[in-house]
Amino acid sequence: MNFDLDENQTLFRDSVERFCAPVDVATRTKMRRMDGGFDRARWSELADLGLIGIAADESDGGLGGSILDNSVVAQSLGAGLAVEPWLECGFLPARLLTGTSYIADVISGECLATLAFAERGGRYTLDARAVSVRNGKLNGEKTFVLAGGAADLFIVSANVDGATKLFVVPRSAVGVDVRPYPVADGSLAAVVTFRDAAVSDPIGGMERLQSAVDETRIMMAAEMVGCAQRLFKETLAYVKTREQFGQPLGRFQVIQHRMVDIYSKCEAIQSALYRAVLQSNTNAEAAKAYIAEEAIWVGQQAVQLHGGMGMTDELAIGHGLKRILLLSKLFGDPASGIAQFAKAA
Amino acid sequence: MNFDLDENQTLFRDSVERFCAPVDVATRTKMRRMDGGFDRARWSELADLGLIGIAADESDGGLGGSILDNSVVAQSLGAGLAVEPWLECGFLPARLLTGTSYIADVISGECLATLAFAERGGRYTLDARAVSVRNGKLNGEKTFVLAGGAADLFIVSANVDGATKLFVVPRSAVGVDVRPYPVADGSLAAVVTFRDAAVSDPIGGMERLQSAVDETRIMMAAEMVGCAQRLFKETLAYVKTREQFGQPLGRFQVIQHRMVDIYSKCEAIQSALYRAVLQSNTNAEAAKAYIAEEAIWVGQQAVQLHGGMGMTDELAIGHGLKRILLLSKLFGDPASGIAQFAKAA
Amino acid sequence: MDMSFSAEDLAFREEVRDFLEAKLSPRLREGAACTPSVFVEPDITRDWQSILNEKGWLATMWPQEYGGPGWTATQKYIFEKECAIAGAPALPVLGLKLVGPVICKFGTPAQKAHFLPRILSGEDYWCQGYSEPGAGSDLASLKTKAERKGDKYVVNGSKIWTTHAHHANWIFALVRTNPEAKKQEGISFLLIPMDQPGISVTPIVTMANDHEVNATFFDNAESRVENLIGEEGQGWTIAKYLLENERGGSCAAPALLAELDRIEAWAKEEPSGVNGAMDHDPILMQRLARLRMEAQAFEITELRILAELAKGRPAGPQTSLIKLVSANIRQSIDELTVDLFAYDGLQLPTSRPLYGNEAPEPVGSREAQLALPTYLNGRAWTIFGGSDEVQKTIIAKQVLGL
Amino acid sequence: MDMSFSAEDLAFREEVRDFLEAKLSPRLREGAACTPSVFVEPDITRDWQSILNEKGWLATMWPQEYGGPGWTATQKYIFEKECAIAGAPALPVLGLKLVGPVICKFGTPAQKAHFLPRILSGEDYWCQGYSEPGAGSDLASLKTKAERKGDKYVVNGSKIWTTHAHHANWIFALVRTNPEAKKQEGISFLLIPMDQPGISVTPIVTMANDHEVNATFFDNAESRVENLIGEEGQGWTIAKYLLENERGGSCAAPALLAELDRIEAWAKEEPSGVNGAMDHDPILMQRLARLRMEAQAFEITELRILAELAKGRPAGPQTSLIKLVSANIRQSIDELTVDLFAYDGLQLPTSRPLYGNEAPEPVGSREAQLALPTYLNGRAWTIFGGSDEVQKTIIAKQVLGL
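Order-wise, the sequence lines are chains A, B, C and D.
For the first sequence, position 241 (counting from the first letter as 1) is numbered 241 according to our numbering, and the numbering increases by one without interruption.
For the second sequence, position 3 (counting from the first letter as 1) is numbered 3 according to our numbering, and the numbering increases by one without interruption.
For the third sequence, position 192 (counting from the first letter as 1) is numbered 192 according to our numbering, and the numbering increases by one without interruption.
For the fourth sequence, position 35 (counting from the first letter as 1) is numbered 35 according to our numbering, and the numbering increases by one without interruption.
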C-alpha cells in the first residue's frame with residue numbers, strides 16, 4: 001500500500017513542470033495564435049525530453065512507460081495548463097500505431113498524428129459508419145479531429161463491410177481536405193473530408209481502438225485532475241489576497257466553506273484517478289466521467305470566486321475550465337459515461 | 001392578474017389556522033397515539049367547519065369549493081402540521097364518491113373513507129392488477145391504504161376484465177381484513193385483504209380515479225408548500241435566537257446564505273403551486289413532483305439547521321419533514337413525476 | 001386569484017405581436033439569436049432602436065413627458081415578454097434603462113433637454129463607469145477621483161468592466177469628489193464625454209472570445225461641471241436609485257422558457273448515436289424537464305411581482321430573488337445546451353459577429369456554434385451586477401432580517 | 001505506487017475472514033443488519049464483544065500492554081473492512097474507542113487497572129457527557145460544574161445527546177471545575193458512576209422513533225476525586241486527544257460500498273410497476289452509479305491515509321475530510337434506499353427492536369422496513385460529532401489556512 005511516485009515518475013513530473021513553468025498566460029495566448037494552435041518547436045522539445053516516447057512500447061523504440069507513468073505526465077501537463085496536444089497527438093497515436101512504421105516519427109516529434117473518429121450524427125459512439133473504405137479508397141467526413149489543424153497524419157476509423165477498422169492517411173495525400181476550426185481549449189480541430197483517398201491495409205480494428213481509447217480516458221482523467229488542482233491552488237491563493245469589503249475574500253465564511261468543497265472534490269478525483277490507474281478492473285469510462293463532472297464544477301467555482309477577472313482570457317482560470325470542458329466530452333460526456341457504468345453494473 | 005385570496009378563501013384559511021393553533025407538538029404526539037392515529041372528535045369539528053364539504057360538489061350537499069379554495073385549505077393544514085387526514089379521507093373521497101349515496105356521511109365526518117389503490121409490485125401505477133372483482137366478489141390485497149387503521153369505508157380499485165374500476169366496501173364487510181402499520185408521518189396505514197368480499201356495481205373507472213388523483217396531487221402540493229413554509233419560518237426564528245460560539249446562528253454567513261436558499265425554494269414552490277392551481281393545462285403530476293423535491297430539501301435543511309434538536313420528535317421540524325416525505329411519494333415520487341413530464345413533452 | 005390579462009391588455013398584446021411581426025426583419029432576428037453575449041452590438045441595436053423610437057415604444061421606463069410610452073406595469077411586462085418570445089434584439093440598456101431614468105429623476109431641465117433626446121435618437125451611446133480594478137462587488141471603496149477646477153472636473157483613475165466603452169461617446173461614472181468624506185459620502189455621479197485625449201479604452205477579451213467589456217483609464221480627463229448629476233456627494237443615493245429602478249418589474253422567465261422550447265426542438269433533431277434522437281435520452285430529458293419546472297415557477301414569481309406593481313403596491317420581497325434565480329436557471333440552460341450538442345458544442349469561434357456574411361461557417365448547426373460562447377459568457381450572470389454571494393448577503397439582511 | 005496488501009496482510013485477512021465466518025451467528029448478523037441507528041443495542045453487542053475479547057481482538061485501538069491486539073494500521077483497517085463486509089455488529093465505541101484510549105494515555109496506574117479490564121469484559125458500559133442543551137457544536141461554552149468537596153466532586157448541570165445513558169453504569173464527562181478560568185481552561189475530564197440518586201436520565205426519542213440518546217441531569221451527583229482523569233483544567237486537552245484519536249485511520253467506505261451492492265441487488269428484485277425491475281430505471285440507476293463512483297473514490301482516500309499511517313508518517317490533511325465525505329455519501333445512500341422501495345419505504349415502525357421475535361412484521365421486505373428509520377436516523381450524520389458547518393470551518397482554517 002503506497003501512493004508515492006517512484007524515482008522515474010518523480011523525474012517525469014519534474015521534467016514536465018520545468019517544461020511548463022516558463023509559459024505564462026500571455027505566452028500561452030501567443031502560442032494559441034500560431035499556425036496549428038501551438039509551437040512545433042516546443043513539441044520537439046517535449047519529444048526530446050522523452051515525454052512522447054514514454055507512451056510507446058520499448059519494441060517501438062519508446063520508453064514503455066506504464067499507465068501510471070503516463071498518468072503522471074498527463075496530470076503534470078494538466079497542472080501546467082500545457083497547450084501541447086500530448087494526449088491527442090502523443091499518447092493516443094503511440095497506443096494506436098504500435099508495431100507500425102509510423103511510430104518512430106511520432107515518438108521523435110517529427111510527425112504529428114491524430115485520431116479522426118467522430119462523425120456527424122454519431123454522438124459519442126466509436127464505430128465508424130459514414131466514413132468507409134472500399135477497394136482501397138477512403139471516403140466520407142470526420143469531424144472534431146483534434147489538432148486537425150496541425151496534424152501531419154490521420155489515423156482514421158472507417159467502416160469496412162460493417163466493421164470498424166483503422167487506416168493511416170497522411171494529410172498530404174490526394175483526396176484529403178482539412179477545414180480547421182477553433183474549439184473550447186483554443187486549439188484547432190478540423191473537419192476532415194476524404195474523397196477516394198488511397199489507403200493500405202488497416203493497422204487494426206475496434207479492439208485496438210477501444211483499448212487505446214480506454215487508456216486515453218485515464219490520461220484525460222489525469223489531465224483534468226491536474227487542471228482542477230491547479231485551479232484550486234490559484235483560487236486559494238486569490239481568496240487569501242483579494243480584498244473586498246475591507247478583508248480578504250477568504251475571511252468570509254461562505255468562501256471558506258466553498259473552498260473546502262473544492263478541496264474535497266479535488267481530493268476525491270485524485271483518489272478516483274489513483275483507482276483507475278492502479279486497479280486494472282476499474283471502468284475507465286466511468287472514472288473519467290465522474291472526474292470530469294467534478295472537475296467542471298471546480299472550474300466553474302474557480303471562475304466564480306475570481307469574479308470578473310475569472311471571466312477574462314487574461315487569467316489562467318478560464319483556460320483551465322475550457323480545457324476541462326473539452327476533455328470532459330471527448331470520448332463521452334459525464335452523463336453518458338455514468339449511464340454506461342449504470343447499465344454495465 | 002391577481003394573487004390575493006378572496007374573502008371566502010381568507011375565511012377558510014383563518015378557520016384552518018384557528019383549528020390548528022391549539023395543537024402543540026406534545027398534543028400532536030398524543031393524538032398520533034390514539035386509536036387510528038388521530039382524534040375523531042377533531043375530525044367532526046373539521047367537518048362542522050365545512051372544511052370537508054368544501055371538497056364536495058353542491059349537488060352532493062357540499063360547498064362546491066374550487067380547486068383554488070381547496071388548495072387554500074390544504075396549504076393551511078400543511079402550515080398547521082395537522083394530523084387530520086383531510087387530503088386522504090376528505091378531499092380525495094369527496095372527489096371519488098361524487099354522486100353516490102356515501103358522500104353525505106363523508107362530508108359530515110361520520111364516515112371516514114379512504115382509497116385503497118396500491119398493490120405489491122405495482123410501484124406507483126394506478127391500474128389495479130392483483131385485486132380483482134369477479135361475479136360480484138372482491139379478492140386480493142391492497143397495501144399502503146392511508147388512514148387504513150381508522151377508515152370505515154374503502155374505495156377500492158379493482159381489475160374487472162382488464163379494466164380498472166372503483167368499488168366501495170365497508171370495513172365491516174365480511175371478507176375484509178385490515179392490518180394497520182405506522183407510516184412516515186405517524187399515521188396508521190394498512191394492508192387490507194379482501195377475500196370474496198361482496199361488492200355492488202362500480203362507482204366509476206380509471207377516468208374518475210385519474211382525475212381525482214390529479215386533483216389530489218395539487219392538494220398534496222399545496223400541503224407540502226404549507227409544510228415547507230412552516231419549517232422555513234420556524235428555522236428562521238431559530239437561527240435568530242439560538243446562539244453558538246458567542247453569537248446567534250443567523251449571524252454566520254453560511255447560515256445566512258442557506259436561509260436565502262431555503263427562502264428562494266419556498267417562494268419557487270409557492271409560485272409552482274399557484275401555476276398548478278390557476279392554469280388548467282398544468283401537468284399536476286410534474287408540479288407535485290417538483291414541489292416535493294424542493295420541499296424535501298427544505299425539510300432536510302430545517303433539520304440540519306436545528307442541529308440535534310431537529311433530530312428529535314420534540315420539535316415540529318421532524319414532523320414536517322416526515323409528512324413531506326410521505327406526500328412526496330404518494331401517487332408517484334419526484335423522479336417518476338418529472339420523468340413522466342419529460343416523456344410527455 | 002386570477003392569472004389572466006384583461007381584455008385591454010390582451011388587445012395591447014395583439015398590437016405588440018402585430019408590430020413585432022411586421023418590424024422584426026430577418027437581419028434583426030438573426031442578430032439577436034446569434035449574439036452569445038448579453039449586450040448586442042450597435043450595428044443591430046441601432047436599427048431596432050430607431051424603429052421603436054419612431055413608434056414611441058423605446059424608452060419604456062421613462063415618464064411619458066420625456067418620451068416614455070406611458071404604459072402600465074402590465075403593458076411593460078407584455079411588451080417585454082412578446083419581444084423575448086419573438087426574438088427581438090436586446091436594446092442598449094445603459095442609456096435607456098440606466099442613465100436615462102437617472103437623468104429623468106435627478107437631472108436639471110438643461111440636462112434633460114440635452115441628453116434625453118440624444119439617447120432616444122441613438123446619437124449618444126452610453127457606457128457605465130462603476131467598478132474599479134480594486135473594487136468589484138465592493139463599490140463603495142472606489143478610488144477614481146474628480147477634482148473641481150473652475151468650471152470643469154478633472155478625472156483621474158480607472159474603471160473596469162466598462163461594457164461597450166469602445167462604442168460609447170459618453171460614460172456615466174461614480175467618482176470620488178471628496179476624499180475627506182466617509183466612504184459613501186464623497187461619491188458623485190458624473191457624466192463624462194468619451195471623445196477626449198484624457199480617456200483611453202483597453203479591451204478585455206472574455207474567455208468566450210468576446211470583446212464586450214473594457215478597462216477605461218482617466219488621465220486628467222475633463223468634464224464640465226454642468227455634467228454633474230445632482231449634488232456633489234449625492235452619487236451613492238443616485239447609484240442606489242439606479243439599481244433599484246433596475247430591480248422593479250422583470251420579465252426574464254419568458255426568454256428562458258422559449259430557450260427550453262428550442263432545446264426541446266433541437267433534441268428531437270440531435271441524433272443520440274445509438275438509435276433515435278436525444279429526445280429519447282432519459283437523463284438529458286430529465287434535466288430539461290426539471291429546468292422547465294423551475295423556469296415555469298419562476299415565471300409565476302415574476303407575475304406575482306407584476307400583480308403587486310399593477311395594483312400600485314410595493315413589489316414585495318420576491319423582487320430581491322429575481323436576479324439570483326434567473327442567473328442560475330440561465331446557466332443551467334446554457335450547460336444543457338452545450339451538453340446536447342456533444343462535439344459540435346465544443347467549437348469556440350474566435351471571430352465576431354456570428355451573424356451575417358462575416359460569420360464563420362459553423363460545424364454542424366448555427367445553434368451548436370453558439371452554445372459554448374453563450375455558456376462561457378453566461379458564467380458572468382452570477383458575477384456581474386452583484387455576485388450571487390453578494391446578493392445572498394443582501395437578501396439575508398434586508399429580507400430575512402439576519 | 002501500489003494498492004495491494006502484503007502477503008502477511010493477505011494471510012491475516014484470511015484469518016479474519018475465517019474467524020468471522022465461524023463466529024458471526026445468524027442472530028448477531030441479524031442484529032447488526034436490522035439496527036437502523038448508529039449504536040447497536042447491548043443485547044447484541046454484549047455477545048459479540050465477549051467473542052472478540054476471548055480472541056484478543058476487541059480493543060483494537062489500545063496499546064498491547066492494556067489488552068490491544070498489537071496490530072499495525074493496515075491490520076486494523078483489514079479487520080474493520082472485513083467486519084463491515086461480513087456485517088458484524090458495531091461495538092460500543094464509547095468505552096472501547098473513546099474513554100478507553102483516554103485512560104490508557106492519561107490514566108493513573110490505579111485507573112488503568114480498575115477501568116480497562118471492566119471495559120473489555122463488558123462489566124462497565126460507558127456513555128459520554130459532552131454536549132449541553134445550550135452548547136451543541138460549541139463545546140467550550142459548557143456549564144455543568146463539578147465542585148470539589150473533600151474527596152469528592154459534586155456535579156450539577158445537564159448533558160444532552162448522552163447516547164445509551166439508559167444502559168450505562170459510567171459516564172465520562174467534561175465539567176467545569178474552575179468557573180474563574182477562561183473558557184477552555186476551567187474544564188476537566190471526570191468519570192462519574194451513573195448508578196446514584198443524583199443522576200437522572202430522560203429519553204430523547206428521535207424522529208425515527210429510536211431511543212438512543214438522552215438528556216442526563218446532575219443534581220448534586222457525586223464522583224470520587226480519583227475518578228478525575230489527568231489534572232483539573234486539563235479536560236480540553238484530553239477532549240482534543242479523544243477527538244483526534246477518533247480521527248486516525250478510518251474504514252468507512254467498505255460499508256458504504258457493501259450497501260450500494262445491496263441496493264443494486266434489491267433493485268433487481270423491486271418491480272418497476274411498468275415492466276421489469278428497478279434495475280432498468282435509468283434515473284435511479286444513474287444515481288446509484290454516481291454514488292458508487294463517489295464511494296469508490298472515497299475508499300481510495302481512506303487507503304491513501306492508511307498508506308501514510310502504515311509508513312509511520314502523519315496521516316495528511318485528507319483525514320479532516322473523512323467525516324464530512326462519509327456522512328454525505330451515507331445520507332445519499334439512505335435517500336436512494338427509501339426511494340427504491342416506493343410505498344414500502346414509507347413504513348416507520350414505532351417499536352424496537354427490528355430484529356428477533358419481537359420485531360413487527362414488515363410490509364414487504366425487512367430491508368424496506370429499515371429504509372426510513374435508517375434515513376431519518378442518518379440525518380444525524382451531518383450534525384453529531386461536529387456538524388458539517390463546523391467541520392468545514394475547521395478544515396478551512398486548519399488545512400487551507402483561511
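One thing to keep in mind: the hints can contain errors.
[Said to hold, decoys possible] Cβ pair distances, simulated, as ranges:
1. B:Asp152 x C:Ile394: 16 to 22 Å
2. B:Met206 x C:His280: 24 to 30 Å
3. A:Lys137 x D:Pro317: 44 to 50 Å
4. A:Lys137 x D:Ile85: 55 to 61 Å
5. A:Ser44 x D:Pro317: 37 to 43 Å
6. D:Pro317 x A:Ser108: 38 to 44 Å
7. A:Leu5 x D:Pro317: 14 to 20 Å
What the hints contain is simulated information worked out from the structure, not anything from laboratory work.
Glycine included, C-beta positions come from ideal geometry on N, C-alpha and C.
Evaluated hints:
{"no.": "1", "hint": "B:Asp152 x C:Ile394: 16 to 22 Å", "in the structure": "55 Å, violated"}
{"no.": "2", "hint": "B:Met206 x C:His280: 24 to 30 Å", "in the structure": "27 Å, holds"}
{"no.": "3", "hint": "A:Lys137 x D:Pro317: 44 to 50 Å", "in the structure": "59 Å, violated"}
{"no.": "4", "hint": "A:Lys137 x D:Ile85: 55 to 61 Å", "in the structure": "58 Å, holds"}
{"no.": "5", "hint": "A:Ser44 x D:Pro317: 37 to 43 Å", "in the structure": "39 Å, holds"}
{"no.": "6", "hint": "D:Pro317 x A:Ser108: 38 to 44 Å", "in the structure": "42 Å, holds"}
{"no.": "7", "hint": "A:Leu5 x D:Pro317: 14 to 20 Å", "in the structure": "18 Å, holds"}
Taken one by one, the earlier hints fail for this structure at numbers 1 and 3, listed in ascending order.
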